[in-house]
Amino acid sequence: MQEQDRSEEATPHKRREARKQGTVAWSPDVYAAAAVGTLLAILVMGGASLHADLAALWREMWLPGRAEASGPQQLAAWSAAVAWRAVLVLAPLWIALLLVSLAAGMLQVGMKWTAAPLKPDFRRLNPANGFKRLFNRRVLFEAGKSVVKFLVFSAVLYHALSTLLPGWLPLPVMAAGRAGKEAGAGLILVLQRLFLAMLVFAIVDWGWVRRSVMSKLRMSKRELREEIKRRDGDPRIKSRLREIRLLFMNKIRSVSRVKDADVLLVNPQHLALAIRYKKDEMAVPLLLAKGEGELAERMKEIAHHHQVPIMENRVLAQKLYKDAEAGQDIPDQYFEGVAKALIWAFRIKAGNVPVPGMRQRWTS
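All residue numbers for the sequence shown refer to full-length UniProt numbering, where the first residue is 1 and numbers rise by one.
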């Protein structure tokens with residue numbers, strides 16, 4: 001699909017699916033800047049104790065004469081002691097850096113862990129695809145960024161070290177307190193300049209990556225319509241389902257009205273129509289409910305249960321089922337036939353016509 005066809009922003013559903021596949025906006029420069037910033041903050045806020053520990057460690061590392069004057073066993077013991085001291089001094093720094101790196105990752109991508117990017121993708125082995133990747137915007141941007149970073153960081157380090165080196169050369173012979181202060185101040189200066197440069201790169205890179213990811217996830221109008229259909233269903237199907245549900249509910253209500261009918265007019269095989277007439281309340285009879293098939297059988301069962309007379313009239317039932325709707329008055333042309341059925345039903349209820357089961361076959 002052509003890039004210009006993707007004119008729509010990615011939907012939340014597509015962004016969630018992309019996250020599951022590991023397609024998120026993250027930048028390694030953010031991790032690097034966070035690590036350097038953390039180290040700088042620790043050195044600035046660490047106080048004299050941290051500076052003194054670093055100075056003492058520095059002196060031990062830069063006084064080889066003590067080790068050379070001893071034998072191999074003493075040298076090994078001295079090396080182990082220096083290494084252990086380095087661990088004790090630097091362990092809090094490493095732990096802090098680890099925690100900050102995890103926090104930087106969660107700020108970028110959230111609490112989402114997926115192995116999808118680690119799965120083998122054999123399409124990457126296609127030489128044509130590999131050749132295309134060599135010249136895409138992301139690769140060119142990374143190459144240019146690497147060159148600029150190298151030049152900027154080299155310039156920052158060169159300027160800082162050229163300024164600090166004359167003052168650092170006498171550190172091995174200085175007093176521990178003074179050496180620690182000098183080394184700490186110089187290291188803070190270097191880290192400050194590096195951090196500012198890395199922060200700029202992190203902001204630019206993360207913005208570029210996020211823009212690239214959102215551009216990659218953009219959708220065409222057709223894709224957007226297809227996703228809406230997959231997620232919410234085809235509007236035509238949903239409309240049809242609503243009609244079916246409404247029809248079903250109407251049928252359920254129809255069944256419940258049978259008990260209020262004065263007569264149930266049936267076609268013995270398929271149809272049932274519940275008719276009600278109250279002389280003092282109605283001008284014409286009312287069709288309470290109608291049903292066919294299983295619904296008609298259910299209406300017959302309810303009529304038997306509530307002792308509603310059942311009249312079998314095939315012709316009248318078929319015509320009335322076709323031309324009348326539930327909840328409406330009986331059409332004029334069927335008054336005579338319906339009136340005969342009602343008179344028969346009223347006589348049964350009055351006890352004047354003892355018909356077993358209150359069921360009458362009438363076809364005239």
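What the hints contain is simulated information worked out from the structure, not anything from laboratory work. Computed from a prediction, not measured in an experiment: that's the story for all the values here. Fair warning: there could be bad hints in the mix.
Think about it this way: if two alpha-carbon atoms lie no more than 25 angstroms apart in a straight line, the pair counts; the simulated BS3-like pairs of lysine-lysine are [as the list claims (entries may be wrong)]:
no.	residue 1	residue 2
1	LYS259	LYS322
2	LYS349	LYS322
3	LYS278	LYS238
4	LYS238	LYS259
5	LYS221	LYS14
6	LYS216	LYS20
7	LYS14	LYS238
We went through each hint and held it up to the structure:
| no. | hint | in the structure |
| --- | --- | --- |
| 1 | LYS259 <-> LYS322 | 22 angstroms, holds |
| 2 | LYS349 <-> LYS322 | 28 angstroms, violated |
| 3 | LYS278 <-> LYS238 | 41 angstroms, violated |
| 4 | LYS238 <-> LYS259 | 34 angstroms, violated |
| 5 | LYS221 <-> LYS14 | 14 angstroms, holds |
| 6 | LYS216 <-> LYS20 | 15 angstroms, holds |
| 7 | LYS14 <-> LYS238 | 22 angstroms, holds |
Going through the hint list in order, the structure does not satisfy hints 2, 3 and 4.
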